[in-house]
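Q: Using the sequences plus the hints, can you model the full thing?
These protein sequences, in sequence, are chains A and B.
Residues 1 to 221 in the working numbering are what the first sequence lists, from first letter to last.
Residues 1001 to 1221 in the working numbering are what the second sequence lists, from first letter to last.
Since the hints were made in silico from the structure, they are not lab data.
The model shown is predicted, which means the values in this text are computed figures rather than measured ones.
Don't take every hint at face value.
[Claimed, not checked] Far from chain B, by Cβ distances over 10 Å, these chain A residues were calculated:
1. His-7
2. Leu-26
3. Lys-30
4. Val-41
5. Asn-151
6. Asn-218
[Unchecked claim] Only pairs whose alpha carbons sit at most 25 Å apart, straight line, appear in this in silico DMTMM-like list of lysine to aspartate or glutamate:
7. Lys-1130(B) - Asp-177(A)
8. Lys-116(A) - Glu-1104(B)
9. Lys-1107(B) - Glu-49(A)
10. Lys-1200(B) - Glu-1032(B)
11. Lys-107(A) - Asp-177(A)
12. Lys-85(A) - Asp-1205(B)
13. Lys-1116(B) - Asp-1099(B)
14. Lys-100(A) - Asp-1076(B)
15. Lys-208(A) - Glu-1104(B)
16. Lys-1085(B) - Asp-40(A)
17. Lys-1100(B) - Glu-31(A)
18. Lys-1116(B) - Asp-1205(B)
19. Lys-1100(B) - Glu-68(A)
The beta carbon of each residue, even a glycine, is placed where N, CA and C say it ideally should be.
Protein chains: 2
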Amino acid sequence: MVLLIHHPVSPYCRKIRIIMSEKKVLFGLKEETPWNLSSDVYKLNPAGELPIFINDGHIISGHYPICEYLEEMVNDNPLLPSAPKDRAEIRRLISWFDDKFYREVYKNIVTEKIYKRFSQGLAPDSRILKNGLNNLMFHLEYIDWLSEHRNYIGGTEFSLADIAAAAHLSIIDYLGDVPWESFKNAKIWYSKIKSRPSFKEILKDTIKGILPAKNYTNLDF
Amino acid sequence: MVLLIHHPVSPYCRKIRIIMSEKKVLFGLKEETPWNLSSDVYKLNPAGELPIFINDGHIISGHYPICEYLEEMVNDNPLLPSAPKDRAEIRRLISWFDDKFYREVYKNIVTEKIYKRFSQGLAPDSRILKNGLNNLMFHLEYIDWLSEHRNYIGGTEFSLADIAAAAHLSIIDYLGDVPWESFKNAKIWYSKIKSRPSFKEILKDTIKGILPAKNYTNLDF
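A: Here it is in structure tokens:
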């Protein structure tokens, strides 16, 4: 059985959990705190980053290699289309969320509201937070546009692009910062993703000391 | 023929140029300045980022999707091994350089020395620069260790991991900031990569107003 070393507020760890659940890979979880990693983490991954995937002594560190490995190894329920052009579009969107959304939204909102509080006992810097919330509007507009023009974020089928987008958004949504009412198409899309059985465990995550937003776990929000 | 929209100091663009050259893909280049992108770039890639790959009207934006696309489409000279476990190790190292090295070294050194100068006319912040140079030592130690224990960075064969590592390092090397003498194994490895025909064009790049370090283009440095 796979062991995933993870943390609930890491979008990268959420992504891998959803992928494994979609692909019916059995896995156990071990939690590590990103702002206070144990020395075990560094022994497994000299980069000192989560997630870490361990299967029968085989270790893979980092969401990108784990993600591609699972897609190569588990043929059931493919999460990438078969044509290279379509795969490129899905990967463009994965990178949109894992790099751009992370840098422009997550770093400004989640780092300020969660990491700073638990690692340093500090309140968020309101200027940085505002910046993150402004950037979020741009990203929601883009998700809204994609959802209006496509069945799923990356095309006609559910894919890794939906998983990456929803993994990132779900953490911002936990904090109650997503104004869904202004982005109807994005809301319909997210509700579709949220209803998948693979998302159920993610919605059960709680962050000690921070209650989830009112509609975080509601499928009809 | 492929057109790559690029900039010479972007490690991500260098990576794609080396890959195409290794795979004998014919391509032309169009330069865009990252700190002053034209509106054309945003029309092609709403993320406003380089590289952008255009082939007969088909556009792929971002180094990760372009890299995987080239590997899927061009079977000659594979740059990923065939076993999924080995591919995962190469991708772990790609991410090491594209994410960690970029964040800890490139952002502190190249952004300070080049971007800041040309976009704002400012001198580098010596504190940030020092931070980048300190981080570089840790990364060189790791490259040195990998080069001592493996034929190439990612294993027995030349791969995308070598390309990612060398693309990033080459820009720092242009600026004369790599103390090769203290990292003998890393030096031997880099000299091997630098000697490949695919690296030749990269070494011809010049940055207007900044001369390359003395040994930048020397294969025997």
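Q: Indicate, hint by hint, whether the structure satisfies it.
A: Results for each hint:
no. : hint                      : in the structure
1   : His-7                     : holds (17 Å)
2   : Leu-26                    : holds (18 Å)
3   : Lys-30                    : holds (19 Å)
4   : Val-41                    : holds (14 Å)
5   : Asn-151                   : holds (20 Å)
6   : Asn-218                   : holds (31 Å)
7   : Lys-1130(B) - Asp-177(A)  : violated (37 Å)
8   : Lys-116(A) - Glu-1104(B)  : holds (20 Å)
9   : Lys-1107(B) - Glu-49(A)   : holds (19 Å)
10  : Lys-1200(B) - Glu-1032(B) : holds (21 Å)
11  : Lys-107(A) - Asp-177(A)   : holds (14 Å)
12  : Lys-85(A) - Asp-1205(B)   : violated (30 Å)
13  : Lys-1116(B) - Asp-1099(B) : holds (21 Å)
14  : Lys-100(A) - Asp-1076(B)  : violated (32 Å)
15  : Lys-208(A) - Glu-1104(B)  : violated (30 Å)
16  : Lys-1085(B) - Asp-40(A)   : holds (22 Å)
17  : Lys-1100(B) - Glu-31(A)   : holds (22 Å)
18  : Lys-1116(B) - Asp-1205(B) : holds (20 Å)
19  : Lys-1100(B) - Glu-68(A)   : holds (19 Å)
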